[in-house]
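Asker: Each chain is listed here by its residues.
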Amino acid sequence: MPEIKTQEFTAASSNAILDPKLRRALDRVAEGFHVARLDRIEEVTQQTWDSWKDQARNIKVHTIEHLDYYLDLLDKNVTAAGGHLHFAKDSDEANEIVAHIVRTRNIKIATKSKSMVSEELGLNPVLEAMGVEVWETDLGEYIIQLAEETPSHLVAPALHKSKEDVAALFTEKLGIPYDEDIYHMAATARTILRDKFMEADLGISGANFVVAETGTLVIISNEGNGRLCTSAPRVHIGITGMEKVIPSMQDLSTFLRLLPRSATGQRITSYVSMATGPRRLEDEDGPEEFHLILVDNGRSKILADPALREALYCIRCGACLNICPVYARIGGHAYGWVYPGPIGAVVSPMLVGLPQAKELPQASSLCGACREVCPINIDIPKMLLDLRKKTAESPDTSLRSAPEIERVLARLYARLMSSPLLLKTAVKFGRFAQKVGGATPFFSPFTKDGKWIKNAYLPILSRWTKSRDLPTLPDKTFHDIWEKELSRDDS
Amino acid sequence: MTTPKSDNMPGTPKSDFLQSVRDALGRGNVPPAQLYPRLTDTETELEYQSTQIRRRLAENLPTLLDKLADMAAKGGWKVHRAAGAEEALDYIQSVAKDSGTLKVVRSTQDVFAQIPVDDVLNNIGLTVTTVERNNDTTEEYLKEEIRQSGIGITGADYALAETGSIVVLPRRGLARLISVVPPVHIALVRAEDLIETLDDLFLLRRLEYHQQGSDMGSYLNIITGPSRTADIEMTIVEGVHGPKEVHMIILG
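Those protein sequences? They're chains A and B, same order as listed.
Per the numbering used here, the very first residue in the first sequence carries number 1; after that it's consecutive.
Per the numbering used here, the very first residue in the second sequence carries number 492; after that it's consecutive.
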C-alpha cells in the first residue's frame, strides 16, 4: 500500500486552502465537468436520467447482495474464455501475483493505463524494484509519475498541475526545451509513449466493469492508451476491486450512459474497450495471455457493514468530487490517500482503518450535494454521519476525534437544551452577564454593532468564534414575547 | 497461443475468497433466490428480441441514419454521407491528399469489395498495406507497417445511432491496431451495419455469444470520435495516443 497520510488531514487541508493556484485549478474542474454534466442531463430529461439511476442502483444492489455468486460465475467465464482469474485478499497478495507473472513470463517493460486500484496497491514500486520499466500512459498519470506524486482526482489525476508546472517538469525530467503549449506537451507524451506501447511485453489496465456472464473486462477511456495497453503487449493483466462485477453484458448500457455523463459530461467516451480472454487463433493481433486480478483489500469490511455497504456501488465517476464544497477548496491530496472527495471520505477510512482516517468523515458540511449528483444514488452524507457516530461512540478514546472536554460540554449542552427551566435560567444569567458588559470576560464587549460576538474569551467558545460570529442574546426571547404579547392577542 | 501452467501462483484460493465474501454478507452459500432476469434469457428469447430490433430498424432506417450522422458529428467524427462508391472513393482520396501521408493500412473486410480503395490511393502515389497473413508477413512486420502508416481504414461491425459510434469486433484481416495507431482513421459504414441503441448492441452480442458456443471473441471496441485528453488545465487536445482525425463515411 502507498503511504497513508490521512492523519495529517487537518494540516494538509489548511495548507491547501491557502494555495491560490490549486484553487484556480479546482475551479476549472467545477466549471468544466459539472456544467457539461448538467447539459447532458437536460438533453435526456431529468425523468430519463432518474430512471437510469434507479436501474443502475438496482443492478448494483442485486450484484453486491449476491457477490459470491457473481464472482463464481465470472471466474468460470474468464476461464472458459482462456483467461486466468486471480483472487487477492490484500495489496501484498495482488502485488505478488503480478510479480509472479512478471518473473515467469520474463517481462521487461510494462505499460499501464489508468487504474486507481493499482494506486491503492502501490504496484509501481514493486515492479520497479524487480527491474521492470513501468510506464503510466494516461497523460495525467504520466505527468504525476514523472513528478513522483499521486493522483488528486479520480478522473483528472493531474488537475492540480498548471501548464507551467508540466512544462517545467518536462524540461527537468525529459531534458527538452521549456514549452508551455499544451498541444506540444501532449504531442511529446504521445511520441515517447508510442515507442513504449510497441516495446512493452506487459499491459496493465484497471477495469470500470467486469461482466460475469461472459468474463469480460470493460475499460472506458478517451485517450486510446487503454486500447494500446491491452492490444500491443503479449500479456494483459487487468486489476480491479471485487465489487466491479455486474451480471450481464446488457447491464452495461445503463452504466455506459451514466458514467461518462457523470464524469466528464460526455455522452460516451471516445473508447469503450472490452476484453474477453486472450487473442483467439483467428485474431490478427492482441495479447497471448489474459489475467484478471480481483482485489478485496478491505472491501469485505465495507461489505460486512450494512450501514456502509452501498459505498461498494460506486463507479468512480468523480461527480461527488466536482460538486463538493470541501473538495473544491482543498483538492484531492489533502485527503491523504488514494480516494479523495466525499466518496473517499467514506472508502478511505474503511480501507486504511478508521483510527488513522478519523478526520475524513468530518470533512463535509453534510450539504447533500454529493448524494444528489451520484449516478447510483449513494447516500454519502448518511455514511459520513455513520462514521462520525462510530468515532464518537467508540470505547477506544484514540478513535474519538473530539477532546474529552468537548464531550462533557456537549453532554451539558444536551441537558440544558432538554430542560425549559434550566434553559430559562441560563438565558437570564447570560443576559445579565451581557448587560454587565465589559465587566465580564466571558461574553466580551467585542461585538459587531452590538449584535454579534466576534471574539469570545471562554476557552471552548473562543475556538468556535475564531472562524464564526455568535449572535448575542436578545433582550427578549421568543418565550417572553409569546407569554407577554402573542398568547394574549389570541385569547 | 500457449498459456503456461500457473504453478505456485500466489493468491487466495477461490473457495476461501468466496467464503470471506459470504462471511461479510453474513450468510452461507445461498444462490440468488431470483437470478438476474437477463441471465435466464434463452437463445430463442434472444432471437425473438433480435427480430424485433431488426424490424424496428427497417421501419425507421432513414431517420436512424440521420441520427447516426448527427450523433457521430457531435461525437467528433467528420461525417461524410456518400450516395455511391465513387463519391466515397473521391472523399477518401481527398482525405489522403490532405493528410500528406505516403502509406495507408487497411483491413480486408467485406466492405472493401464495394469500395475498392487501393487503386484510387495508388493513383495518387500512396502505398496500401492490407492485413493478410502469409509466409512473408510476420506480426512484427504488420505492427511496423501500421506504425508507419498515416491513415488506417476499416469497416464497422455495427454503427450505433444512439451515440454516433462504430463497433469493431475481432475478425481475420482486421488488426486491432489499425483503428488506433495511425493519426487518421477512416471508418466505412454501410446502412446494414446500423443499429439503434446500446441495448440493441449488447442484446445482439449476447445472441451471437450463444450461437458461437459461448465465445464473445477476444474484444469489442466502441469508438466515438478522435482520441482526446483534457488532463492539462482541462484543455481538450485531440490525438493524444490514438487518431487525431477520424472520418465516418456513411454509404447509402
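What the hints contain is simulated information worked out from the structure, not anything from laboratory work.
Cβ atoms here follow ideal geometry from the backbone N, Cα and C, with glycine treated the same way.
Among the hints, a few may not be true.
Listed next, the in silico BS3-like pairs over lysine-lysine satisfying Cα-Cα at most 25 Å (straight line) [as the list claims (entries may be wrong)]:
# : chain 1 : residue 1 : chain 2 : residue 2
1 : A       : K301      : B       : K634
2 : A       : K53       : B       : K594
3 : A       : K196      : B       : K594
According to the in silico footprint, chain A covers these stretches of chain B (three or more CB under 8 Å from chain A) [as the list claims (entries may be wrong)]:
# : region
4 : 524-531
5 : 579-588
6 : 632-640
7 : 664-671
8 : 682-695
Asker: If a hint holds in the structure, say so; if it does not, say that too.
Answerer: Going through the hints against the structure:
1. K301(A) with K634(B): violated, 46 Å
2. K53(A) with K594(B): violated, 47 Å
3. K196(A) with K594(B): holds, 22 Å
4. 524-531: Since 3 is at least three, the answer is holds.
5. 579-588: With 0 residues close enough to chain A, the hint is violated.
6. 632-640: holds (count 3)
7. 664-671: The restraint on the region 664-671 of chain B holds, since 6 of its residues have a Cβ under 8 Å from chain A and three suffice.
8. 682-695: It holds, with 6 qualifying residues against the three required.
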